[in-house]
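Keeping their order, the protein sequence lines are chains A and B.
Note that the numbering used here gives residue 91 to position 91 of the first sequence, counting from 1, and the numbers run on in steps of one.
Note that the numbering used here gives residue 13 to position 13 of the second sequence, counting from 1, and the numbers run on in steps of one.
Honestly, the hints are just simulated from the structure, not real lab data.
Hints are supplied without guarantee of correctness; some may be wrong.
No copy labels: a pair is met if it fits in one copy or bridges any two.
[Stated by the list, open to error] Derived DMTMM-like pairs (lysine to aspartate or glutamate); straight-line CA-CA distance at most 20 Å:
(1) K162 with E95
(2) K162 with E93
(3) K235 with D187
(4) K184 with D19
(5) K250 with D274
(6) K42 with E237
(7) K162 with D332
Protein chains: 2
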Amino acid sequence: MTDLKNDTFLRALLREPVDYTPVWMMRQAGRYLPEYRETRAKAGSFMDLCRNPELACEVTIQPLERFPLDAAILFSDILTIPDAMGLGLYFTEGEGPRFERPVRSAADVERIGVPDPQNELRYVMDAVALIRKELGGRVPLIGFSGSPWTLATYMIEGGSTKNFANSKAMMFDRPDLMHDLLGKVADSVITYLNAQIESGAQAAMVFDTWGGVLTPGDYREFSLRYMERIVDGLKREADGRRVPVILFSKGAGQWLDRMAETGCDALGVDWTTDLSDARRLVQDKVALQGNLDPCTLYASPDRIRREVGRVLASYGSGSGHVFNLGHGIHPDVNPEHAAAMVEAVHELSKPYHAGH
Amino acid sequence: MTDLKNDTFLRALLREPVDYTPVWMMRQAGRYLPEYRETRAKAGSFMDLCRNPELACEVTIQPLERFPLDAAILFSDILTIPDAMGLGLYFTEGEGPRFERPVRSAADVERIGVPDPQNELRYVMDAVALIRKELGGRVPLIGFSGSPWTLATYMIEGGSTKNFANSKAMMFDRPDLMHDLLGKVADSVITYLNAQIESGAQAAMVFDTWGGVLTPGDYREFSLRYMERIVDGLKREADGRRVPVILFSKGAGQWLDRMAETGCDALGVDWTTDLSDARRLVQDKVALQGNLDPCTLYASPDRIRREVGRVLASYGSGSGHVFNLGHGIHPDVNPEHAAAMVEAVHELSKPYHAGH
């Protein structure tokens, strides 16, 4: 059995009764925190920080020391998998992540294998185990991965992109090759997330940052299908408890019903969809996570409180809601404003769970 | 009466019978055309090109010489209005448009007036009149403007932005000020578009590039409301013909029904929504313009043809569809691929209009 002192997050994901709406923030361990910036400076590069389990653990726990958050999330990057595949990840100032060897041809796809999480990704598993130990059951630990489509765009483009020229060209002209690549990435994600779960992750989240740049049909064929394969392939129990799986495609407000049919436990929802509409769309088959506009944290604490109230009201009564931002917290946000949000969620959500 | 030789575009916007689906491309006069790059080099800066009616006319007509497009669109920039308001527009390499004097305070908003289109924006009206003359009735000429919300974000941020930090902060903390600003911009857009119509524009389009970064409620309050005000304020007739108004909010697939209630004639639809769903949502109250994924033009001509067929089929039979990309054509697209798209639209659309 688990030693969890606060399992509100896990219960909400399974739509079991809770006393209040649990809350965490995407990128809660990040640049908006001065203590993060200090550890980051100590580590050297961003990837040095990811590859150092002690420092990754330190920054994972930092936001929990400041705010009464209901979950911790592994500090890492979605590009660890392509890096472990040998694509040569590096970061440039201003340009973001780059790969030395992008994937463009059939031979490139052929060369790619499924990385062994206990070998090339050992540093991630060590970080998960260490964080889990250091958390001491305070809150559950979320493991994560990028989605196959999202990872494939970085692998094909060789880094960040605005136009997705190469990935879309491959999708349109060489769908067979794209499917080969996505299949390999999906298998890698399954192995990777299962290893995180074995190492101590108590929930798993798949970030499909770029699913929303596809047409509805292409989304189903090139993104959703592979997330479904991941959901099917994951261990769903650890320590005698269910390990909930959360899928998050940014810009997917119109396809939440399809996503809810994958067998996942919860969906992340960005701020461009009302949770009331989202809840109707998924017919309470899954829990919903979100969805305060991350820019709300630029506003005054009073206004933040009002907007938190609005989001809570849009979900309405009953369990199945995990409060979060609709996207990662912006690096220039005042941490006091994040504190105001967390406090407001805990306070204002109680009436929605009264008498369960 | 008008001297139009090809009014298919105008008739489709009014859901009147047509023989084929008309087609044009957002940014059809642009960097993907070598002849555009030549004129641009001749002009000097991008704004020099916008401010020179002869050269603006030349680049407006260039794509019509290559492709049998069914509409021309004024070559200009959405930032002409804030520039005319005295904000000091300039362009930097790599960073895009910037304003010397961004709008941040109540005093800044106070200072702003409605520009006189026959004075500060005379160069736009001269370009419209010249293009209309040079077109000689080949196809209709579209005039355009940015939406108040979209223009306000540039004015407040002082240029392009990823996070909308200042605009969202003003929206949340000073909604009164934001509404003052949006009201002034909306009045300026009305005056500006009416002057374009008087100068010869035969349809008007409002580009709400950034409406999709808002929550549904904020979208209605801070973007849609002001587009509705514009629709109400526009001259809807010229040369004894109705002047159709098209609204386009990128990322607005979930709100098309609301947009259709503004009194506009047509809605632009990006590629993340199926036209069949969009058509159902707007209940055939308005025409729809779109929505090929602009990245499709990176694919082979054969594949482009198939995707054109898919978009035509998703709209289905009957008038009310103007074919377009779901967003502007990318600068690195091969013009031959644009030609393949235009040809496919004209050929493949005829069966959808048979026997009208």
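Exercise for the section: Pop the pair K250 and D274 into one bin, within, between, both or neither, using alpha-carbon distances up to 20 Å. Expected result: Both, since 14 Å and 18 Å are each at most 20 Å.
Practice task
Evaluate K162 and E95 at a C-alpha cut-off of 20 Å and name the case that applies: within, between, both or neither.
Solution key: Classified as both: same-chain Cα gap 12 Å, cross-chain 14 Å, threshold 20 Å.
Problem - Alpha-carbon proximity context of K162 and E93, limit 20 Å - result: Both: 17 Å inside a chain and 17 Å across chains, each within 20 Å.
Exercise for the section: Classify it for me, K235 with D187: is the Cα-Cα distance of at most 20 Å met within a copy, between copies, both or neither? Expected result: Close inside one copy (13 Å), not across copies (59 Å); limit 20 Å.
Practice task
First find the shortest C-alpha distance between K42 and E237 inside one copy, then the shortest across copies, and answer within, between, both or neither for a cut-off of 20 Å.
Solution key: Neither. Shortest intra-copy (37 Å) and inter-copy (67 Å) distances fail the 20 Å Cα cut-off.
Problem - Identical-chain pair category, K162 with D332, by Cα at 20 Å - result: Classified as between; 12 Å across copies, 22 Å inside a copy.
Problem - Copy assignment of K184 with D19, given that the CA separation must stay at most 20 Å - result: Neither. Shortest intra-copy (42 Å) and inter-copy (47 Å) distances fail the 20 Å Cα cut-off.
In this structure, the earlier hints numbered 4, 6 are contradicted, and the remaining ones agree with it.
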